[in-house]
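**Student:** Throw the hints in and build the complete structure from the sequences for me.
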Amino acid sequence: MMRPFIIWIPTLPLLAFLALIFWGRRIGRLSGWLSAAALAASGAVVWGLAPAVARGRHLAVRWPWLSVGDPRGVVGFLVDGLSWLMLVVVTTVGTAITVYSIGYMRDDPRFSRFFAYLSLFCASMLGLVMADHFVLLYACWELVGLCSYLLISFWFEKPAAAAAGRKAFLTTRLGDAGLLIGLLLLAWTAGDLQMGHLAAIREQFLLDGRAALLTGISLLLLCGAAGKSAQIPLHVWLPDAMEGPTPVSALIHAATMVAAGVYLVARTLPLFTPQSLQVVLAIGLLTHLLAGTVALTMTDIKRILAYSTLSQLGLMMTALGLGAMSAAMFHLFTHAFFKALLFLGAGSVIHATHQQELAHLGGLRRQMPWTALVFLIAALSMSGLVSLSGFWSKDLILLAAGQAHAGLLVLLLVGAAMTSAYVFRLYFRCFLGAAPQPVHPSHHAHESPAVMVVPMAGLAMGAAFVGLVGSPWLGQPLFRLLGESPGHEGIDLSVVGSSTVALAVGIWLAWTVAFQRRRLLPVSLRPLGRRLYTLAARKYYVDEGYDRWLIQPFLRMTEAWARFDLRVIDGAVNRAGQAGWALSWLQERCDRLVDRLVNGLARAIRGMGAALRWIQTGVVHQYLLVAVVSVIVLSVLVHR
Amino acid sequence: MPAQSLLLLSHALFCLGVFGMLVRPHAIGMLLSIELMLNAAALNFVLWNRLFGHVQAQAFALFIIALAACEAVVGLAIIIRLSRMAKTVFADQVTLLKG
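Protein chains in written order, with our numbering: chain A, 46 to 685; chain W, 1330 to 1428.
If you are wondering where the hints come from, they were derived from the structure by calculation, not from laboratory data.
Just so you know, even glycine gets a beta-carbon here, dropped at the ideal spot from N, CA and C.
A few of these clues could be false.
Examples of chain A residues toward chain W, derived with CB under 8 angstroms [stated by the list, open to error]:
| no. | residue |
| --- | --- |
| 1 | T662 |
| 2 | V665 |
| 3 | H666 |
Calculated from the model, a selection of chain W residues having no Cβ within reach of chain A, i.e. all distances over 10 angstroms [stated by the list, open to error]:
| no. | residue |
| --- | --- |
| 4 | L1365 |
| 5 | V1375 |
| 6 | V1384 |
| 7 | G1404 |
| 8 | I1409 |
| 9 | V1418 |
| 10 | L1426 |
**Tutor:** What follows is the structure, given as structure tokens:
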């Protein structure tokens, strides 16, 4: 009874996309509300499914897609606890951001096209999350990447935006290639691409002793996840993607699309062997810490938040590497709310002041009280203040890390300190303190309109309270949703205590750096400190490294091939043409010879005629004489 | 008269006619010579009848007379035409056939 309804979830935004692409210009201002309404309707369907999903039922819709021999080509949509969680994230956060964009993109000439792309993105993300079959997942994966490209380079008149879109697409493409190879390998060895059968496949492979194959496949899938979720080494596109409009950064590059990689790993966790999980852990941890250090040095609001996203995604990957799927998904859930809120707050600031650099911002709390308040809530949630959402999810991850290895816990605490440091640095510099000299005297900041503030307030409620579904206070219903038993009972005070200490350290650090301007390091360590700072501020030279070792050699190679093409291949064609010329020249000479022969023959005959003309004198008597003489001669001869 | 000498006569007349045709410059003189040749041939035919008894030869002589008449008409017509065109009737002064 319920089942056919789930097909409306991705279809409604898709219909909105089609309507907006064809008639968007005529709809005009209403485009944004249409897009928001479609997404909200999808959200209503999702929430309507809540009772069924809470009871642990899996809802599915299937249809045959390809029947070649083995009738296993059945694709479909599946809504179980995991995908339902993602659906809630996409629809709820997505609706809030869409409404916000109506205010943010108000003056843009391509208003309706923005919402068309946004709707397409939501449709493909919803499809991705509900996909039951890897082929459908891959199709939606690519679509999501396409929408990311379209939206990053939305203001394509800016060369930086166009380049950023290209970079994002190419980098994620590289990851997607790995994903595709992994899927093909899976199809070839297991013969089955249904997601429900993954546990069975794992059992079969382990039984057959093909654990290495499992590791290979899972690592290839990790490639795709690393590309989409911007883990090291494929992380380079996310900071550049900030060239897109801020709502895009909020929705795609904070809350949903970059979470798709985490979702993929969570979904395919049965395929991960202990070895590949170690790789996941290593990559996640590295990304978490390195991105955190870079975020401390950035001066552009959106860049700080981009590196923060990288760092938090690394944390989620770390949790997955520890096998704590529920903790990771829980953190994804809470992160969507507070990170989207941070971005929307940043967008509010940018919309009001047209500034992105921290050097030009300050003291905005007076003019933008609501924005400052929601930003503070989000910052506290992300830093893990007790009882806010971010605390619950981070706590679970810290617990899992502590159970695995004490050193891991220490590293994550360092990461947590960095997290609160950079986000509060941003808050202090932007909202507190003295207002700087205005760049343009006519620009004074003002609070954003209600259409932007209300969604932010909604997300703030989420950022504060949504974590309770995973907290012990409510009995951790989230875990039952995800099909796992609650990890532990009660609260481990030592972990809570140490994470709060980390939070406090971070805030103190930010306060010092932002206001007190006191030198923190002793004199002997300052050169080292400065060098480390520069290293982080230059983002560890990853982009430069890629350029020098990958891009330039590739370009040199293509130039060499171009030269080859010009000289050898074109040369060959030109030589062929010249040979044709030479042949025709030869033919002309022969023709001329033949002409000469023919003309010569004619002349010879004319000459003979001229030579013999003297015989015809016109004197009749002569002719008669010849006739008579010849008769006589002939008759004599005949007589003989 | 003995037949041999009569044959000789017709042959002699013929030769005279040929000679005359070849030698005489005047066109009508050539025509007369041709008439002489024709008559010599007719005489020859009749003599054949006298000698061998072929009756058809006499009839053929009549043919020759008729033919001679026609041929004289045509010849005269040609000469009149020629005289108008070339303003002369002497054959050696006309080289219209030169080519």
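**Student:** Beyond 10 angstroms from every chain A Cβ: check whether that's true for W/I1409.
**Tutor:** 16 angstroms, holds
**Student:** Let me know if the C-beta of A/H666 comes in closer than 8 angstroms to any C-beta of chain W, holds or violated.
**Tutor:** For A/H666, the interface hint holds, since the closest Cβ of chain W sits about 6 angstroms away, which is under 8 angstroms.
**Student:** Minimum C-beta separation from W/V1375 to chain A exceeding 10 angstroms: can you confirm that?
**Tutor:** The claim stands: W/V1375 keeps its Cβ more than 10 angstroms from every Cβ of chain A (closest is about 23 angstroms).
**Student:** Minimum Cβ distance from A/T662 to chain W below 8 angstroms?
**Tutor:** 6 angstroms, holds
**Student:** Please settle this one: W/G1404 was flagged as non-interface, so is its CB more than 10 angstroms from every CB on chain A?
**Tutor:** 12 angstroms, holds
**Student:** Going by Cβ atoms, does W/L1365 stay more than 10 angstroms from chain A at every point?
**Tutor:** 14 angstroms, holds
**Student:** Take a quick look at W/L1426 and tell me if its Cβ sits farther than 10 angstroms from every Cβ on chain A, holds or violated.
**Tutor:** Non-interface label fails for W/L1426: nearest chain A Cβ at 4 angstroms, not farther than 10 angstroms.
**Student:** So, A/V665 near chain W? Judge it on the closest CB pair being under 8 angstroms.
**Tutor:** 5 angstroms, holds
**Student:** Going by Cβ atoms, does W/V1418 stay more than 10 angstroms from chain A at every point?
**Tutor:** 12 angstroms, holds
**Student:** Taking the closest pair, is the beta carbon of W/V1384 still more than 10 angstroms from chain A?
**Tutor:** Answer for W/V1384: holds, closest chain A Cβ roughly 28 angstroms.
Hint compliance for this structure: hint 10 is the single one not met.
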